[in-house]
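Chemist: The primary structure of each chain is shown beneath.
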Amino acid sequence: MTAAVTYAMILAGGLGSRLCLLSEKRAKPAVPFGGKYRIIDFTLSNAVNSGIFDIGILTQYRPLSLRDHIAMGRPWDLDRKRGGVELLQPFQGWRENDWYRGTADAVWQNWLQVEERGAEHLLVLSGDHVYRMDYRPLVEAHLARGAEATVATFEVPREQASAFGVVRVDGAGWITGFLEKPKDPPSGRISMGVYVFHCGVLREALEKDARRTSAHDFGKDILPALVERGRVLAYPVPGYWQDIGTLDSYYQANLDLLSPEPAFPLEDPRWPIFTPSTENPPARLGPRAQVRASIVTHGTIVHGTVERSILFPGVVVEEGAVVRDSIVMGDSWIGPRAVLDRAILDKRVHVGRGAVVGRGDLATPNRVCPEHLSSGITIVGKHARIPEGIAIGRNARIAPDLTEEDFPGGDVPSGEALERPGGIPAHAATSA
Amino acid sequence: MVNPPILVLVLAGARSDRLHALGRLRTASALPYGGKYRVIDFALSNCVHSGLYRIGVLTQYAPLSLHGHIGIGRAWDLDRRDGGVRLLPAYARQRGTNWYRGTADALVQNRNVIEDAQARHILVLSGDLVAKINFGPILDRHEQRGAALTIVTVPAPSGPGEWRRPVLSEPGGRVTSIPDRAADTGAPVSSSVLLFRARELRARLERADVGPDLMRDVVEPMLAEGQPVYAHPFDGYWRQIASVDAYYEASMELLAPYPALNLHDPDWLIFTPSEDRAPAIVTGGGDPAGSLMAHGCRLEGTVRRSILFPGVHVAPGAVVEDSIVMHDTRVLEGARVARAIVDKEVRIGEGASVGGGEGPPNRDYPEDLASGLAVIGKGAEVPAGGRVGANTLVDIGARETDFPALELGAGSVVRARGGRRS
Chain A
1 MTAAVTYAMI
11 LAGGLGSRLC
21 LLSEKRAKPA
31 VPFGGKYRII
41 DFTLSNAVNS
51 GIFDIGILTQ
61 YRPLSLRDHI
71 AMGRPWDLDR
81 KRGGVELLQP
91 FQGWRENDWY
101 RGTADAVWQN
111 WLQVEERGAE
121 HLLVLSGDHV
131 YRMDYRPLVE
141 AHLARGAEAT
151 VATFEVPREQ
161 ASAFGVVRVD
171 GAGWITGFLE
181 KPKDPPSGRI
191 SMGVYVFHCG
201 VLREALEKDA
211 RRTSAHDFGK
221 DILPALVERG
231 RVLAYPVPGY
241 WQDIGTLDSY
251 YQANLDLLSP
261 EPAFPLEDPR
271 WPIFTPSTEN
281 PPARLGPRAQ
291 VRASIVTHGT
301 IVHGTVERSI
311 LFPGVVVEEG
321 AVVRDSIVMG
331 DSWIGPRAVL
341 DRAILDKRVH
351 VGRGAVVGRG
361 DLATPNRVCP
371 EHLSSGITIV
381 GKHARIPEGI
391 AIGRNARIAP
401 DLTEEDFPGG
411 DVPSGEALER
421 PGGIPAHAAT
431 SA
Chain B
1 MVNPPILVLV
11 LAGARSDRLH
21 ALGRLRTASA
31 LPYGGKYRVI
41 DFALSNCVHS
51 GLYRIGVLTQ
61 YAPLSLHGHI
71 GIGRAWDLDR
81 RDGGVRLLPA
91 YARQRGTNWY
101 RGTADALVQN
111 RNVIEDAQAR
121 HILVLSGDLV
131 AKINFGPILD
141 RHEQRGAALT
151 IVTVPAPSGP
161 GEWRRPVLSE
171 PGGRVTSIPD
181 RAADTGAPVS
191 SSVLLFRARE
201 LRARLERADV
211 GPDLMRDVVE
221 PMLAEGQPVY
231 AHPFDGYWRQ
241 IASVDAYYEA
251 SMELLAPYPA
261 LNLHDPDWLI
271 FTPSEDRAPA
281 IVTGGGDPAG
291 SLMAHGCRLE
301 GTVRRSILFP
311 GVHVAPGAVV
321 EDSIVMHDTR
331 VLEGARVARA
341 IVDKEVRIGE
351 GASVGGGEGP
361 PNRDYPEDLA
371 SGLAVIGKGA
381 EVPAGGRVGA
391 NTLVDIGARE
401 TDFPALELGA
411 GSVVRARGGR
421 RS
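Going line by line, the protein sequences match chains A and B.
With the first letter of the first sequence counted as 1, position 362 gets the number 362 in our numbering; the numbers rise by one all the way through.
With the first letter of the second sequence counted as 1, position 73 gets the number 73 in our numbering; the numbers rise by one all the way through.
Take these hints with a grain of salt, some might be off.
[As the list claims (entries may be wrong)] Here are some chain A residues pointing at chain B (derived, C-beta under 7 Å):
#: 1; residue: Lys36
#: 2; residue: Glu279
#: 3; residue: Pro387
[Claimed, not checked] Negatives, chain A to chain B, calculated, CB over 10 Å:
#: 4; residue: Ala172
#: 5; residue: Gly239
#: 6; residue: Leu257
#: 7; residue: Pro281
None of these hints come from the bench; they were simulated from the model.
In this text the structure is predicted, and so the values were computed from the model without any measurement.
Think of the CB as a built atom: it goes at the ideal place given N, C-alpha and C, for glycine as much as any other residue.
Bound-form chain B, shown alone:
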């Protein structure tokens, strides 16, 4: 897509507190997803499939895994002479050293990138979306309408903690208002995909009084000034990975007999850097039914309805059900994992039991850990014979000695002493 040139800015730097142990060492954009991907692979793959090759990724919080993952962008054919992908972390300047204070501020601080691109339109999207979106038709419509801004909208998600501001529009698509305090209107909400005409966005960012938040300080003033802002409804697969529950659900949806998000679609493959691992080997009699399984896995026990990332080892007699298990985690002999999200390099000791059952919400985070999931942070060790109930959080790097008791009831929290706290 040479004409009109489009600059894509992916916002991938915000800390995701609601992901707890999963989001302490990385942002939601860098979260492993679907057995071999990271969430940001969807944003990048959607761009290249849509012919958009000029991409900046704005990073700030815990950016290393994202930087390492994207590298020079080879996996997406983004290692290009013209355009390609650039990582844009916050940096110090001669006058004023500032972290990005918000989404709009991040754009302000990258004004030079926006100016250098000489783009006609600027696509700003959140890096934490799991979605297959062809931006082509959205761009076409945006141009036809002469929109200063197109807000791609999706049906309002349901569920606790999922309320978002509705985007109200006229039948023709022109947005009238984005009320911030309305009951459930049933109106669509922003998908966190915004397409600006560069002229208007630049003018806004150049103002001295621009606030830090993209929605409040850029979109709303444009609306108030009567600029042509349109809604573009998107009805394909779209999920925002903002919480533990959202992550778990968006992951488990991949296991449906006919998943709404088809990773096998040859015309819209999701690209990611591949690891050099041997193919998965299933040795035992435990059928990994209803599962996704990546390279390097070694399954000797039983696996059902689960997502296994590269290098997971399920030992003989171990059972993994309804769970997400990330890279190089070992589930030792006779251990049992159910309804759990187990981060990378975790060791589940012999005969231990993680997750499953029911119980009260998490004692420290009742609003985010109440659906029964157990979350085990990266590198943690669950002691042999230990029991970790539902809604439990085990900290990143927690050792066996950090467990106050071998048996932890539902809703517990295990902190890592002397280590990072979750």
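Here chain A stands alone, though its shape is the one from the complex:
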């Protein structure tokens, strides 16, 4: 990497409420993706492939599964004597340390990390995007143009831009306006959440922001303030970039991997995506297995039928079972003759024999989270046990850790949200 940037901070702390059950027990960057990865693997792999081996990950919400996943950073060659990877959680100190009030505040509370390294520029990344990117040309452009900050930008259809930070750019590439999640976006040019900052300028902005009443957020507060100074560069990035913001975008980004010529191929020897590999034998496909247009990982055993689906390690699909248009996470068991249709199953879900997950009308949105669960996907939380023979409708939501006794009425209609009746069982407290 250009010597000017040797340290990167990854923002990975947010509560991803729009991912519904998937992010209730884990930070969004730790959500499993694409058969063997977690979402943060893409950003981490981009960083090390770009030659950055000194990384701080800012976490706050449910960091345990992220911590387990990253550990000492070995899969990314980040278990190093100099540099490496460190999870930066909120801590108590003698001054103003507290819970992070926002992304900018998280960086500010850890500013000592930046100072210690004596770096002139800092790379700030997000941990919840799926993309491949070499950060080196970005840094080079930032340096060549003498920018105070540089924002990587991506082009999306204008009607989708209101979910993001939208930038207004002049003819020379300088950003003249930064609108965080505007209702009526002026264009489809959005911020990817990938920034390079001049440390001196950023320090000043963070310090000022910390004393104000604000959201303490990069998109809402820091960038608009810097844009006013007129030295924030836009750096357009082509190719594939996907924000895993909602359950629908999560589902779509996963199923996009299955197209014959995927826009984002997971396998690319020039730019591999690293992740801790599980100790599992190769996938085992029984004599009557039927697998079409699917991703199958090590440790899976398939005796039934799998179509347009993604199976994570250790998933077992028993004889006569059908898994269609679904995402099934690690160690789930799909009993004989059970059917999954447009379902997302978290880890270690047990689907009793003959049960159906995802049947019935598409039109009823979920009664608890109608805005995130209305496209027909049914989601089953970690460790839930679906009784034999019952049918669960579409847009339904089954809470984690439910057992057969929690389905007194048998079938679950479309749009229903089945919650845990009592308190949290003991084993639910473990990390995801």
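Following the hints, put chain B in place on chain A, whose structure we already have.
Modeler: Same frame as chain A, but now just chain B:
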């Protein structure tokens, strides 16, 4: 297992002529097996599951793939401060520069390793075994009996070329003789797992007249001297990968509905260094039924009853059946592979056909290539539209121009001109 300390020596250096093109660039211990492993993973995993963490791997012939595979032993948690795995290749000395002349000689040349370990017992096992063995009970029994040597025995394998010397023992297990010329006695045979009490083994290796062969020059003299040598019958899964047929059979056994060797056993996982590959993707309508499939595979054609290693690409319209296909091999459009062992990085051209059918044994190696298998060496290219019959051997690195004809009958051999010969 701190007490008594055990040193494990894995013999992994012998050249396996009977593996032909599969064993020219590597020993049997380094042969890829089961979709993601190498054969030696079983020896190493058995050791760590049995609590044995002090391991030396003796290498000699074509050791690089083995050295690269084992590295510092991280995959097996053998990168340890105390013990761990050490690679022990033959090396030059001030006086006398010798290759290992045999199994006993390899131990003699590593006498310093044996002495430094200060082990009470020394477990010597062959690296070419596909087996799940818990050495714990064997060690316990060995200690209880006060054995100088325990020979772990298995039922005599059947099949041509598989005859081994029977290990005859009394009902109590004490070995009486290991006759070298007997008809089929039905007695068990050595599993190539030998457990020595260190004192006796060291004494034997220190003698000036010790010969090069472990069985003939160490085990038999111990027996002749009346030392307490016991047989320990093992009835679990055990295969020795000594020939093409043995390799193919031991591989295909994994595809049984209830395989005798369960790779999914969570209590006895077989460890291996994992490659950073994306998960396998099956795009076509060809169901890979009855198969094992590793990461990085891309299946657009049809696959049945086969073992696919990482990165195999089966193109649309191609068919792979009853075959073993190793890393990064490409089976192009419309090609057909049946009853074949295809090594790494092979290119099977469009519409080509490899294996299948019947025919006479291989013209140069009739004793080893007669069961109908086709063997394609690493990096070979089978020309588009080419036909390669049963019992055929295609050399490592053979190019399309090396094929004497587009259609090769059963039992043919394709040599690589100017390249390595198989």
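Chemist: Verify this label for me: Pro281(A) is non-interface relative to chain B, using a Cβ-Cβ cutoff of 10 Å.
Modeler: violated, 4 Å
Chemist: Once the closest CB in chain B is found, is it more than 10 Å from Leu257(A)?
Modeler: violated, 8 Å
Chemist: At a threshold of 7 Å, is the proposed contact between Glu279(A) and chain B supported by beta-carbon distances?
Modeler: With a closest approach of 5 Å, the Glu279(A) hint holds.
Chemist: Do the numbers back the hint for Pro387(A), that is, is its least Cβ distance to chain B under 7 Å?
Modeler: Since chain B brings no Cβ nearer than about 26 Å to Pro387(A), farther than 7 Å, the hint is violated.
Chemist: Find the nearest Cβ of chain B to the Cβ of Ala172(A) and say whether that gap is larger than 10 Å.
Modeler: Nearest chain B Cβ is 40 Å from Ala172(A), so the label holds.
Chemist: Go through the hint on Lys36(A) and say holds or violated, using the shortest Cβ distance to chain B against 7 Å.
Modeler: holds, 5 Å
Chemist: With d taken as the least Cβ-Cβ distance between Gly239(A) and chain B, does d exceed 10 Å?
Modeler: At about 17 Å from chain B, Gly239(A) clears the 10 Å cut-off, so the statement holds.
Checked against the numbered hints above, the structure breaks hints 3, 6, 7 and satisfies the rest.
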